[in-house]
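2 protein chains.
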Amino acid sequence: MKITLDWEVGASTDDKIIPEAFIPATVPGAVQLDWARAHNWPPVEEAGNVEDYRWMEDSYWRYCARLPAFTVSDDERLFFVCGGIDYQFEVRLHGDLVLEQQGMFTPVELDISDAQPGDILEVLVYPAPKSHPKSDNTQPNQSCKPAVSYGWDFHPRLVPLGIWQEAVLEIRPACHLRRAETRYTLADDYSCVEITLDIALSVPSNVRVLWELRDPDDTLLFTREYPLHDAQLSINTSLAHPALWWPNGQGEAARYSSEVTLLSPQGTIVDHHSARIGFRRVRLVTSAAQWDDREVDTIPKGPVKPPITLEINGRMIFTKGANWVSPDIFPGRISDDLLREQLDLAHAAHWNLLRCWGGAIVQRDAFFDICDECGLMVWQEFPLACNRYEGTSAYLRVLDQESRAIILRLREHPSLVIWCGGNELDMSWSKMTEQDGALRLLNSNCYQLDPARPFLMTSPLMGMGHGGYWFLQWDEREVFQIFAEAHCTAYTEFGVPAPASVEILTRIIPAAELFPPRTDGAWKSRHGYNAFGDIENLRNLWLELPTITKYFGEMTSLTTLVESGQLLQAEGLKCIYEEARRQKPVCAMALTWCFNEPWPTAANNSLLSWPSHQKPSYSAVRQACRPTLASARIPKFSWRAGEWFTPELWLLHDGATALAGGSISAVLECGAQRWPLLTWDYAGTAANTNLPGPSIRFLLPDLPFGRMRLLISAIGHSDWNSAYTLLLQESS
Amino acid sequence: MKITLDWEVGASTDDKIIPEAFIPATVPGAVQLDWARAHNWPPVEEAGNVEDYRWMEDSYWRYCARLPAFTVSDDERLFFVCGGIDYQFEVRLHGDLVLEQQGMFTPVELDISDAQPGDILEVLVYPAPKSHPKSDNTQPNQSCKPAVSYGWDFHPRLVPLGIWQEAVLEIRPACHLRRAETRYTLADDYSCVEITLDIALSVPSNVRVLWELRDPDDTLLFTREYPLHDAQLSINTSLAHPALWWPNGQGEAARYSSEVTLLSPQGTIVDHHSARIGFRRVRLVTSAAQWDDREVDTIPKGPVKPPITLEINGRMIFTKGANWVSPDIFPGRISDDLLREQLDLAHAAHWNLLRCWGGAIVQRDAFFDICDECGLMVWQEFPLACNRYEGTSAYLRVLDQESRAIILRLREHPSLVIWCGGNELDMSWSKMTEQDGALRLLNSNCYQLDPARPFLMTSPLMGMGHGGYWFLQWDEREVFQIFAEAHCTAYTEFGVPAPASVEILTRIIPAAELFPPRTDGAWKSRHGYNAFGDIENLRNLWLELPTITKYFGEMTSLTTLVESGQLLQAEGLKCIYEEARRQKPVCAMALTWCFNEPWPTAANNSLLSWPSHQKPSYSAVRQACRPTLASARIPKFSWRAGEWFTPELWLLHDGATALAGGSISAVLECGAQRWPLLTWDYAGTAANTNLPGPSIRFLLPDLPFGRMRLLISAIGHSDWNSAYTLLLQESS
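Chains as they are written, first to last, in our numbering: chain A, 550 to 1281; chain B, 550 to 1281.
Honestly, I wouldn't trust all of these hints.
[As the list claims (entries may be wrong)] List time: in silico DSS-like cross-link candidates among lysine-lysine, alpha-carbon distance up to 30 angstroms:
1) Lys1073(B) <-> Lys679(B)
2) Lys850(B) <-> Lys850(A)
3) Lys850(B) <-> Lys1099(A)
4) Lys1073(B) <-> Lys850(A)
5) Lys1073(A) <-> Lys850(B)
[What the hints assert, rightly or not] Far from chain B, by Cβ distances over 12 angstroms, these chain A residues were calculated:
6) Thr835
7) Arg882
8) Phe1032
9) Glu1052
10) Gln1163
Since the hints were made in silico from the structure, they are not lab data.
The model shown is predicted, which means the values in this text are computed figures rather than measured ones.
Even for Gly, the Cβ is constructed at its ideal location relative to N, Cα and C.
Isolated chain A, as found in the complex:
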């Protein structure tokens, strides 16, 4: 039985000082949201007044709740239960310290059975952790506090604090389920699965365990009862020919239900636990192409690059997806509905994986439940990003505690396929290596608690690539050339920025600064300019106005600017995804940076504007990620009359079944004019296998400046058709 609490919160400058005033607190939430609400501030995502919040990260925040009336019988216990408190805190009951903790991911579960109605429960939240006073995003490098809040190229500095998950009282039977976990081992040929139910009771007790297993159609497979005389029980069973859990695009994400009920000797229900489980085998493997890599076949001889091809249930999968950067500045207000909306979009985009980036939080269970359901695999990073997390004993102690909590909470989810130490840890700016205590600890904890799930030290590893993050690079190469020349085993981050819609821009940027864009003010604080600070090459990130005008001329209106920038993002990302797919099996992954954003930016690499507004690139990427599509490798974006136009046709196929032969035609369209270019009679292809086709060779006629479209049509398969918008420039 849950008992909700009425929380209030107050700020002070010292842990010994009681706040002068308390304001109502929304739990789950954040102290910043409570303060803004109490003082009638406009929402920060609209007002952009992040500086007004700055003092809050250095305050002590005292939550208080007076316990309501309740009755706890002799065979019951009273618990204070909370999924997470951000970040360092104490819990006190009628003034007595009952818990001190650092870390927002280790849940709180306190037996406070000696509490009485009317007692005061306090949660004192400390200032945000900082390893040094200089205000930058290296400050969290001795904590497990997600680094993004300390300021990033798409995130203002605003460090949330407070109770970010549900915090309630629970009256539980003295004997209740402390743990009920369903594990399994698949036979090598998938013909059978051995299932183990592990139960731990709060106290040894004379109860019975009822275990029910239901198949994906909710048909009851069995009901079994076991007497229990101890506090622990492991029960085994096996199931022949289980339906397997497959990622999106490869089959059903079949899930079984495992239901556990504790029954008293009299047959009354004492406790209950229900879980959805999916049977699948995951491995990270090296493709045959990698084992034979001629690059390493030299003397002195080096090793093969680390494996990054996901093999699910024995089938090598090309991984398509995106980097997930948390959909809100405040983790405490991310609703299940918002998660559902965004994950549905990810599923509809034919993606099969999200990389949950280490700069952000590890999401709540609801995120993983939805991913389990819709076949979205998850690459989950621990909260380390772009910093050097030195392995001091104090830091390793917190990391050990937090990582264990995260692993134990999530390891039952079939969607979770990769643990990863964190983001960009072995780069010249972070300088961590495989010898660092933090990374060895994480690898060890994952291996000890969850040995069958792959662990990556960081991203990128050798052979993998991060970037670029623009349509046109400083060396004048476009994504069209950059990715055709690259030969990574996985593109785990790449991006092309685009401005937000006119409607959003109008809301977040004062009218006087809006057009032409001012390089300071809101365009800058909303990440349109100097998003990484004053680095010469990167000064125009993320608006990239010089690139836009280079292709489309001087911008005459905000509408044109937005439309032009968004076109570059859409065509650029389509190019990269399709190129990465062409490089299969040497390449095994394409994950764009990034899917969502935590507040409304003026320009950013995301496909969605906060919270879930699609940029045109979303549809373009969805097209590029279809299981099967007729595709073209196009040498560049901008063309002139008199040039040879030489796209190369491909049939991209990630589907789980073979394709028969057929015909694909290519047409060039410019205004009202159309030139048939080629018909390719292709021979069919095996499951999960691409087919390269012929190259077009067409002399571009003299045409007015503007756009042209290359249309690739698959006869009888219009759902495979593709269209590419390109630029036709005036003859030079």
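With chain A's structure known, arrange chain B on it following the hints.
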């Protein structure tokens, strides 16, 4: 008190069958040695009759010893103690099973206090482990049995079995030391060391612990007594300005003595333990040159190569040494004297590290004691090599047990600086990756039990190189070009083969086959030909007669053949060591393959012929590894009159102090003729820093075919002088 046992041993085809006959057994030893001795066979290393031993690997071997008279008082216990039994075995006492074990590295310590004089103690050794029936060196890929015994390019197939370490009875006081381990933590600035003594008693007891610490000069630093009421005790102390343990060439290998005595309430000595400890900090770091590596500064951006520079006590060290492959086919007969002799040679060669290769055994404590004493660092691999060790639960269980035993036994040694998963595990022929359970288990166990010591998954890692193993490669490049063009972070294996001495060859090869060398028979079985089987490029390994004749013409005698082959090895290895040193700090290590050999080969990459006969390459390598030397980068080995001779001068310096300026001169000598080439007035150099010098440019005059010598002399430092023998061919 130790009681030795008289062992006998017999063979049978089944574990249920008692051998028909027993023969005397030497313990420690091997069943093969016992059988050969009992049957008056000549030593296998001379006779080469390895086929005669083949049946023994598939037999069951039953050791028996009748317990002699002994008296165990009420406050004593009787133990059967053995350091290691090879490989799978049972121990029985008067017929009752008391232990079943797989693994030769986990010591046996059995309380058999119910035994009586006259009882029979049996050790039943199973056949050698094989994962499949095909007789090749992949058979041990599901065991921790060192792979080399199953046949290698320098090792015949001969799989030792039996009791390979001392096996005795011990009468111990009921309360004795189960563990006494001295650990320490150095202050960041080395000004102080915190020392912890961990003690575990066999039973809780009312004894006193006397702890004495002595400095490297054996001066008593303190004596302390502690009462003990429990079975465990941890005692801390600290020491200001400790003398540090330094590797060879960087300072003293200072060692302290930690002595523990258990005293009864009456003051009598109950038990005693003594250990030598060395204080040092070890890290594997990435050099500044690597962090700035332009190779990875591309878009998409990859990570930096893994760190392989040893930093000892804050000082980056260039690592010079060799691969150690165990000095005998039979681990059970490697004497302390043999270890001492070889390790003294390693020390005299100015080496600071031996890589104990994963194909061979992990040596006994005596090896590490000597390494501790003489500043030889050890890179210790677990017993995995060149195979795919699949992570089945049976294999992981043995690997877990064996690796824990190895780590716990060796972690107190200051010389041990790197743990490594094994040899060449992520190559195309082994196909293991960082995702393999075996490698994750080893990393995890090392981290859990010994977190401060670096762990490498395998060798080579990305950036490191293995090979080549010949003077002239199939692409016609010599080591002079191959290594000048390479840019590895560490050369952890490289070799140039040479034949054994005439005296050894005459002993191991029948006179009729000796000269000219026959490509079958003993030259082949002793690894002179087809050492890797019938691989086209490698057919002439390890004699490499075509290379020898290419440089020196048709061989006219065995003496000339040996002298020519040995010259190529000496000059080739000198070139590689000096080139690797020139590439510092991008390159951090040079370890030749290999130092010793386990039986007498006809030709091999080793510097020593079995057991410890120096080839001329040993002196050459010792010259190349001097802390300071005047060196030349020479473009090639073989020259012609009329060519421009263009060596580049270098002052190589790995010493711990700076050098003042001076002069270095170069002279070319050919027969009686001498040409002064250059005098270089160098400016001095910092500690541990090389100094590049000028390039010579000299037109080679017309001279008769033969050898010429380049002599580099450091004025006032004749111990830095170098001489290179080169070939002068007839003008073409």
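Pair hint outcome, Lys1073(A) versus Lys850(B) [Cα-Cα no greater than 30 angstroms]:
Within the cut-off at roughly 26 angstroms; holds.
Can you confirm whether the C-alpha distance between Lys850(B) and Lys1099(A) stays at or below 30 angstroms?
26 angstroms, holds
Hey, is Gln1163(A) genuinely clear of chain B, shortest beta carbon separation above 12 angstroms?
26 angstroms, holds
Whether Phe1032(A) stays farther than 12 angstroms from all C-beta atoms of chain B, as the label says
8 angstroms, violated
For the pair supplied as a hint, Lys1073(B) and Lys850(A), confirm whether the alpha-carbon distance does not exceed 30 angstroms.
26 angstroms, holds
Next pair to validate is Lys850(B) with Lys850(A); report whether the Cα-Cα distance is within 30 angstroms.
23 angstroms, holds
Is it the case that Thr835(A) keeps its Cβ farther than 12 angstroms from each residue Cβ in chain B?
Nearest chain B Cβ is 6 angstroms from Thr835(A), so the label is violated.
Satisfaction of hint between Lys679(B) and Lys1073(B), Cα-Cα up to 30 angstroms
26 angstroms, holds
Does Arg882(A) really sit off the interface, with its C-beta more than 12 angstroms from all C-beta atoms of chain B?
Non-interface label on Arg882(A) holds, nearest chain B Cβ at 34 angstroms vs cutoff 12 angstroms.
Taking the minimum C-beta separation from Glu1052(A) to chain B, is that value above 12 angstroms?
33 angstroms, holds
Checked against the numbered hints above, the structure breaks hints 6 and 8 and satisfies the rest.
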